[in-house]
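Listed below are the residues making up each chain.
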Amino acid sequence: MLNIDSVSKTFFPHTVNERRALVNVNLELKEGDFVTVIGSNGAGKSTLLNTVAGRIHQDTGVVSLDGTDVSRLKEHQRAAKVGRVFQDPMAGTAPNLSIEENLSLADRRGRPRGLSRGVTKAKRDRFAEALKQLELGLEGRLKTKVGLLSGGQRQALSLLMATYSDPRVLLLDEHTAALDPQRAELVTRLTRSVVEDKGLTTLMVTHNMVQALEVGNRLIMMHEGRIILDVGAEQKAQMTPQDLLAEFGKLKGAVVDDKTLLQ
Amino acid sequence: MITAFELGLIYAIMALGVYLTFRILNFPDLTVDGSFTSGAATAAILITNEVDPFLATAAAFVVGSLAGMITGLLHTKGNINGLLAGILTMIGLYSINLRIMDGANVPLLGQDTVISMMRGFTGVGWTSVAVLAAVALIFKLIMDWYLQTDNGLALRATGDNEQMISSFAVSTDRQKIIGLMLSNGLVGVAGAVVAQHQGFADIGMGIGLILVGLASVIVGQAIFGSRSVIQATLAVILGAVVYRLAIQLALNVGLNPNDMKLMSAVLVVAALLLPQWKGFSKLSLRRKSSSPLAEAAAPLTTSDAHLSKTSAEKGA
Chain A
914 MLNIDSVSKT FFPHTVNERR ALVNVNLELK EGDFVTVIGS NGAGKSTLLN TVAGRIHQDT
974 GVVSLDGTDV SRLKEHQRAA KVGRVFQDPM AGTAPNLSIE ENLSLADRRG RPRGLSRGVT
1034 KAKRDRFAEA LKQLELGLEG RLKTKVGLLS GGQRQALSLL MATYSDPRVL LLDEHTAALD
1094 PQRAELVTRL TRSVVEDKGL TTLMVTHNMV QALEVGNRLI MMHEGRIILD VGAEQKAQMT
1154 PQDLLAEFGK LKGAVVDDKT LLQ
Chain B
250 MITAFELGLI YAIMALGVYL TFRILNFPDL TVDGSFTSGA ATAAILITNE VDPFLATAAA
310 FVVGSLAGMI TGLLHTKGNI NGLLAGILTM IGLYSINLRI MDGANVPLLG QDTVISMMRG
370 FTGVGWTSVA VLAAVALIFK LIMDWYLQTD NGLALRATGD NEQMISSFAV STDRQKIIGL
430 MLSNGLVGVA GAVVAQHQGF ADIGMGIGLI LVGLASVIVG QAIFGSRSVI QATLAVILGA
490 VVYRLAIQLA LNVGLNPNDM KLMSAVLVVA ALLLPQWKGF SKLSLRRKSS SPLAEAAAPL
550 TTSDAHLSKT SAEKGA
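Chains as they are written, first to last, in my numbering: chain A, 914 to 1176; chain B, 250 to 565.
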């Protein structure tokens, strides 16, 4: 349902800083696929996600969603079908708006935003119900400004918002990397349950190899703009982080950073 | 004194417009210097041509919002810096305003205006102040309502976190243009009513108006708070009145009217500098929150100023 077909992207072409972020990448996600993406810094993981989201437009190749070519659509146009959670917990929510107002914005994804009331009694009840799943007690703080929440709470809320109106594709860009281990654990758990419940087609970038193996039904490894490893569910279940490190080791010039090793 | 209250309440409509761009969209919009005069010129020329004054005032809204749309298009589709986009429209409007009025001013003496009609009922006194207060309040309530709608929420989120709201399928370009149109529409209406209040439209009446708007918003929110939209819009209206009273007071103690613009500039500069002063941040620390003045002025200071302020707070 999500097709990335021969997509290439080069930053600063024809300069000394030229960087080939994506080189002829092909990737096809089936309905309900949950793919984790790993790779060293600068491997093109984030560029891949940004290309799907429409924040970055590829130089060549086609991105299509449900059989429709979306390559020319802008970010906000694609967002009608694509949900995102960013690495920065501050990025996915509007700090000066209340929790219920933020959820109301998420609720209208892909539908016209006119002059009807943003938060009604009926919606508020629905929002409270949804917030209960987070088990953070936010259902009792609907009118609290989101800026007053902690990073973990905001990221959990971001995840809820990104998935609230059932997007066709969910993009997660190292969304647990900026959280402390406990909160990261919580957000990972929430991610698994929401993706499972809604059967969302998901692309998740992570630095954490354990997480990359535990979560999802498929794993891809990227290096210098290419997909160098593509592992299905059965094979993935047998793999250990050591196997992944060994794969990294095979690469000439690949540097596994400290952060990756420590995890 | 009555006149100061009346003018303050009329200018409050303009201040609500400035609040919309400056606070909600985080966009200091200089178009208002031009669109205020455009609104005044449009209404004045229509009134002298026997058009119903209420209709003429409504036309001022349309002309003002067109000016806002131009700034919005320059900024979003033309990728021109917001301040420059506003300046370009403002300068262009100067010529257009001269064209609308076919000269530098249009007298409204002896014409039926919204103000003369109001005077027919109320005269000059506290009743006329009450009527204008009610009008300002109606504009406030409409704005409160709008900012709670789906579209209004999208507008607020556009000013608050652009990355987030475009990931929820909102065109931030479109929301910015809508915001600039509404804002300048309100400014145009204020211009129209001011012209009818003073009995003429004049090419220079909008000069420096952005400072009046900013001063009203910053002073109002610093004194009366901005916890919620409802409180913030009320604070803006009261801020406009306080500002007008302060000007009146300064004139009464013998300030030269020619110095008024300098006064407004100094007032805004003071509002922007005070929160950066270490002693001031100590004062506000004691109240265990960031000072309302600093918050109100935040969109106009550079990020470096915030940094130095935070480090000052840490040091204290």
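The hints are simulated quantities; they were obtained by calculation from the structure and are not laboratory data.
Fair warning: this is a prediction, and the values are worked out from it, not measured in the lab.
All C-beta atoms in this analysis are idealised placements derived from N, C-alpha and C, irrespective of residue type, glycine included.
Among the clues, some could well be false.
[As the list claims (entries may be wrong)] When the alpha-carbon atoms are kept at most 20 Å apart in a straight line, the in silico EDC-like pairs for lysine to aspartate or glutamate are as follows:
{"no.": "1", "chain 1": "B", "residue 1": "LYS326", "chain 2": "B", "residue 2": "GLU411"}
{"no.": "2", "chain 1": "A", "residue 1": "LYS1036", "chain 2": "A", "residue 2": "ASP1020"}
{"no.": "3", "chain 1": "A", "residue 1": "LYS1058", "chain 2": "B", "residue 2": "ASP393"}
{"no.": "4", "chain 1": "A", "residue 1": "LYS994", "chain 2": "A", "residue 2": "ASP918"}
{"no.": "5", "chain 1": "A", "residue 1": "LYS1058", "chain 2": "B", "residue 2": "GLU411"}
{"no.": "6", "chain 1": "A", "residue 1": "LYS1058", "chain 2": "B", "residue 2": "GLU544"}
{"no.": "7", "chain 1": "A", "residue 1": "LYS1111", "chain 2": "A", "residue 2": "GLU988"}
{"no.": "8", "chain 1": "A", "residue 1": "LYS987", "chain 2": "B", "residue 2": "ASP422"}
{"no.": "9", "chain 1": "A", "residue 1": "LYS1149", "chain 2": "A", "residue 2": "ASP918"}
{"no.": "10", "chain 1": "A", "residue 1": "LYS1058", "chain 2": "A", "residue 2": "GLU1087"}
{"no.": "11", "chain 1": "A", "residue 1": "LYS1034", "chain 2": "B", "residue 2": "ASP422"}
{"no.": "12", "chain 1": "A", "residue 1": "LYS1034", "chain 2": "A", "residue 2": "GLU1052"}
{"no.": "13", "chain 1": "A", "residue 1": "LYS1058", "chain 2": "A", "residue 2": "GLU1048"}
{"no.": "14", "chain 1": "B", "residue 1": "LYS326", "chain 2": "A", "residue 2": "GLU988"}
{"no.": "15", "chain 1": "A", "residue 1": "LYS1056", "chain 2": "B", "residue 2": "ASP422"}
{"no.": "16", "chain 1": "A", "residue 1": "LYS1111", "chain 2": "A", "residue 2": "ASP1079"}
{"no.": "17", "chain 1": "A", "residue 1": "LYS994", "chain 2": "B", "residue 2": "GLU544"}
{"no.": "18", "chain 1": "A", "residue 1": "LYS1149", "chain 2": "A", "residue 2": "GLU941"}
{"no.": "19", "chain 1": "A", "residue 1": "LYS1058", "chain 2": "A", "residue 2": "ASP1038"}
{"no.": "20", "chain 1": "A", "residue 1": "LYS987", "chain 2": "B", "residue 2": "GLU544"}
[Claimed, not checked] Sample of chain B residues at the chain A side, in silico, Cβ under 7 Å:
{"no.": "21", "residue": "GLN397"}
{"no.": "22", "residue": "ASP399"}
{"no.": "23", "residue": "ASN400"}
{"no.": "24", "residue": "LEU402"}
{"no.": "25", "residue": "ASP409"}
{"no.": "26", "residue": "GLN412"}
{"no.": "27", "residue": "MET413"}
{"no.": "28", "residue": "VAL419"}
{"no.": "29", "residue": "SER420"}
{"no.": "30", "residue": "HIS446"}
{"no.": "31", "residue": "GLN447"}
{"no.": "32", "residue": "GLY448"}
{"no.": "33", "residue": "PHE449"}
{"no.": "34", "residue": "GLY453"}
{"no.": "35", "residue": "ALA514"}
Exercise. Taking the least C-beta to C-beta distance, is GLY453 (chain B) closer than 7 Å to chain A?
Worked result: 37 Å, violated
Exercise. Are ASN400 (chain B) and chain A close enough, Cβ to Cβ, to be under 7 Å, as the hint says?
Worked result: Holds: closest Cβ of chain A sits about 5 Å from ASN400 (chain B), inside 7 Å.
For this session: Classify the hint on ALA514 (chain B) as holds or violated, based on whether any CB of chain A lies nearer than 7 Å to its CB.
Result: 28 Å, violated
Problem set entry | Pair hint LYS1058 (chain A) and GLU544 (chain B), alpha-carbon separation not exceeding 20 Å | 15 Å, holds
Problem set entry | Restraint check for LYS1036 (chain A) with ASP1020 (chain A), where alpha carbons must lie at most 20 Å apart | 9 Å, holds
For this session: Would you mind confirming whether the straight-line C-alpha gap from LYS1149 (chain A) to ASP918 (chain A) stays at or under 20 Å?
Result: Not satisfied, since the Cα-Cα distance of roughly 24 Å exceeds 20 Å.
For this session: May I ask you to test the interface hint for SER420 (chain B) with respect to chain A, counting a Cβ-Cβ separation under 7 Å as satisfied?
Result: 5 Å, holds
Exercise. Is LYS1034 (chain A) within 20 Å of ASP422 (chain B), Cα to Cα?
Worked result: Outside the cut-off at roughly 30 Å; violated.
Problem set entry | Distance restraint between LYS1058 (chain A) and ASP393 (chain B), which requires alpha-carbon spacing of 20 Å or less | Satisfied, since the Cα-Cα distance of roughly 17 Å is no more than 20 Å.
Problem set entry | When the least beta-carbon distance from GLY448 (chain B) to chain A is tested against 7 Å, hint result | 37 Å, violated
For this session: Would you settle whether the hint for ASP399 (chain B) is holds or violated, based on the nearest Cβ-Cβ distance to chain A being less than 7 Å?
Result: 4 Å, holds
Problem set entry | Cut-off 7 Å, beta-carbon criterion: hint that ASP409 (chain B) touches chain A | 4 Å, holds
Hints 7, 9, 10, 11, 15, 17, 20, 30, 31, 32, 33, 34 and 35 from the earlier list are contradicted by this structure; the remaining hints agree with it.
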